[in-house]
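Based on these hints, arrange chain B on the given structure of chain A.
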Amino acid sequence: MVNNRFPKLPYVLLLLGIVCLAAGSYLGLFVAPPEHFMGDVQRIMYVHVPTAWNAMLAMTFALVCALLYLFTSDWKWDARMEGGIEVGVLLAFLLCCQGAIWAKPTWGVWWDWDPRLTTTAVLLFAFLGILALRRFVDDPVKRAVWSSVATIIAYVDVPIVYFSVKWWNSLHQAQSSPATVSKSFHLPLRLNAFGILFVMTAFIMLRARIASLRLEQELAPPPVLDGAMGELA
Amino acid sequence: MTGGTIVGGWPFVWAAYGLTAAALTLYGISLMARLRNLK
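Protein chains in written order, with my numbering: chain A, 1 to 233; chain B, 1 to 39.
A portion of the hints provided could be inaccurate.
[Said to hold, decoys possible] Pairs of lysine-lysine residues, derived as DSS-like cross-links and limited to a Cα-Cα distance of at most 27 Å, are as follows: (1) A/Lys183 - A/Lys166; (2) A/Lys104 - A/Lys166; (3) A/Lys8 - B/Lys39; (4) B/Lys39 - A/Lys142; (5) A/Lys142 - A/Lys76; (6) B/Lys39 - A/Lys76; (7) A/Lys8 - A/Lys76.
[Unchecked claim] Chain A regions said to be covered by chain B (calculated; three or more residues, Cβ under 8 Å): (8) 32-45; (9) 205-211.
Hints are computed from structural coordinates only; laboratory data are not their basis.
Built from N, CA and C at the ideal position, the CB exists for glycine as well.
Next comes chain A alone, as it looks inside the complex (with noise of 0.2 Å):
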């Protein structure tokens, strides 16, 4: 069940993620200049636009594996789905820091129940509930048909993160991108983006092996014991 094709691939794009993420931080923190309003503050936008884009993507993955799992029911896009899941509560959790930190020298609170945090927590708080749900369910086909309906409900919100800032009042500025702001900060934006692009797609690849083997060791048949043998013979 385990796709071992490409072993190493992991680590190769684990690697071309970090030099990307040294490369565009260096950038972001001491070559680019200070935003206009917000100084040095801003540089944190280097790195949490990019989560954000990531955190995205990797639940666009679950949600994808896990309409595929329903169709086909083959074990791999389960696996697949479970390190989707994983790795994007991993980027909404550092998502959601990183905008606290960010929020509190521009708008002097940690968190405000705006439109596009709440959501973003909701988001958070209904992926984490699924990887809760998988833990707590034993059988390996209702936990699959389960967390796959679960990630297609939760991933309703998805599109309702994205779009906040433009539904609503937000005091969370719209989606920023090299289209929206200046070109000296398009090489650092760009950089971490595709970094953390790879960082994530190695951990989702690594995770999805971690819970294939697992799944492996539930599947297998139990041994056949010694005594039992002899009573057949």
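Leaving out everything else, chain B in the frame of chain A:
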């Protein structure tokens, strides 16, 4: 008063980058440890 601009703030920047680096590193280490235990 700073005229609507934020002055300083480097501790917040270091906190955000430090937390991200620490969390990604620890999670990576935990993944490799879990994988090694299962093999």
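Can you list which hints this structure breaks, lowest number first? The structure conflicts with no hint, since it agrees with every one listed earlier.
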